[in-house]
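S.K.: Working from the sequences, and respecting the hints, build out all of it.
Line by line, the protein sequences give chains A and B. Just so we're aligned: 108 in this note's numbering is position 46 of the first sequence, and the numbers increase by one with no gaps anywhere. Just so we're aligned: 445 in this note's numbering is position 128 of the second sequence, and the numbers increase by one with no gaps anywhere.
If we take Cβ atoms under 8 Å as the criterion, some of the chain B residues that face chain A in the derived model are:
#	residue
1	Glu-329
2	Pro-330
3	Lys-454
4	Leu-458
5	Ser-459
6	Pro-465
7	Lys-701
8	Asn-703
Computed cross-link-like contacts, EDC-like style, restricted to lysine to aspartate or glutamate with a CA-CA straight-line distance of at most 20 Å:
#	chain 1	residue 1	chain 2	residue 2
9	B	Lys-454	A	Asp-92
10	B	Lys-454	A	Glu-118
11	B	Lys-454	A	Glu-104
12	B	Lys-701	A	Glu-114
13	B	Lys-701	A	Glu-115
14	B	Lys-701	A	Asp-92
15	B	Lys-454	A	Glu-112
16	B	Lys-701	A	Glu-118
Read the hints as simulated data drawn from the structure, not as lab findings. Glycine residues also receive a C-beta, built at the ideal position from the N, C-alpha and C atoms.
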Amino acid sequence: MRQQIKDILSLTLRSEIADDCSQRNCHNWDSLNHLNIVIALEETFDISFEPEEIAEMTDIDTIEFFILKKRQA
Amino acid sequence: MSLFVFRNSTLEPFFESGAIFSGYGDISGISEADAYVWFYLLPFETGGRKMQEILNDYRARLQLVQSRIPAHHPLYVFTIHPLFLLRWENSDFSTMQAVEEFNQFLAEWAKADTAVKLFDFREFILHYPQTMWVDWKYYFLSGMQLNPRLARDFREWFAQKAGAVLLRAKKCLVLDLDNTLWGGIVGEDGPQGIRIGGDYPGNAFAMFQESIRELGRKGVILAVCSKNNENDVREVWKNNPSMILRKEDLAACRINWENKADNIRSMAQELNIGLDSMVFVDDNPSERELVKQMLPMVEVPDFPTQPYLLPAFFERLLEQYFQAYALTGEDLQKTVQYRANAERTAFRSGFADMREYIASLQIRMQITEADMYTIPRAAQLTRKTNQFNLTTRRYSEQDIIRFREQGGHVFCLKVEDRFGDYGITGIAITLKNDLHTAVIDSFLMSCRILGKGMEQAFLKYVLNALKQEGFEQVQASYIPAAKNSQAENFYEQAGFKITAQSDSQKKYCLSLAEVKLDMDI
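M.R.: This is the structure we're talking about:
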């Protein structure tokens, strides 16, 4: 799943994605691309995030965490 | 092909990634592009404002846009369909009526200007159930009115529509006869034995012929290329009263046993048109294959296997190849009428120029220093604003508080106009360098209010405030980032002098003695 997340990030941000990639250290990751990432994640994993979660999903670990959480629910 | 999109909501996912977008509702900033797009959506209203007024405003803006984009560049315009509509009374059709009138206006207006191409947004959106049109979560998070799940489909739909315009419509339709224009084979069934008119399948072929005749009347050149004895076919035209397409409808004929590729090539010469403007329709797959192989520039669509599929086939034929073919002599005549009508009725609310338009917006600006209520918004704007942001420095709420404690200012610009309150949409952060010199650390405005002439007014206010505080000069800088090139010359325009320049930064200085203390906003 981590690889899938990285693929989505890399496609959306059009750059290589390191493991510690986050909104802070990746300059392509602006608010619009953040939304594009969320849209792609929701489609790929067939889940729907809450706005509060979306606001927090600014790095790979947190994204993975929320997807796992959704899957368990 | 590069696109510039005029929009009033978040639309980025709906166009290819190279597209440039206007500010929300902004029509003043226009970048160079191959083609321009107008895609406005109705605001989600809970009541109060009249749709009529909003749509009149769209008309006026559209007219201004049309007059300001470079000549000979296409302007793609979408019709409007309300995505969300609260109908307070069962019998209230006023919004739908206003929308209907607006779309009607668009249709006539588009006909009067060949650069304007109208795409019917309803054709797209009505493919989906209403529950899919809006995803409220994304609307509230980002101002996206159209559900992002429709983005991919929309891009494809738009690409197909825009492609059809660019490809240019074809000029000539070349038709086979047996089992294409009629059922059966004239050499075997005889001139009276072929199926045309009457019961199925003759009625299906009759409808197909009627459609093709109409296409000819619209200006498409019709031609026939078939393998028959010419006498048999002549007999059909002479003695079969059910035939709808007559010899006179055809500009060229090749009825012989030669290979069809050669025939088509010689017709192209005779008609003096390019092979790439021809479409070849034949029921026989091997003939189609031959033409495809020998003349790859000729369009060869697949032909339906059942006569009852002919209307759908013709519809596609029309859409794909001939729809944009509009300006025959007759149509030109129509165009004149349409133009007159449009001028009479349409632009009562039109504006002479940008200045008049801006005046009509009744803009009110209010500038305050950030306080405990506005600091979160100020910090957020520094993090979110990309386009009109001179230095793109991102700050936290603590940063903002610190600036104020160190003798700096954080100015918040609040904007209202006739159409509503935009809230805090501009921030300027100034720091104290020494007793005489202030520094504009950040200057930014949200794209939804750009282009109404407020950028310079806001800066002027800031400069005045600094002057009144006793500063003698102001330093500022522009730092290029991915999306802020439109702010590149902002300080030059305000009279700042460049003191240092490199690829990564431009530094400026302005003596405040030169700033007049008027507040002419």
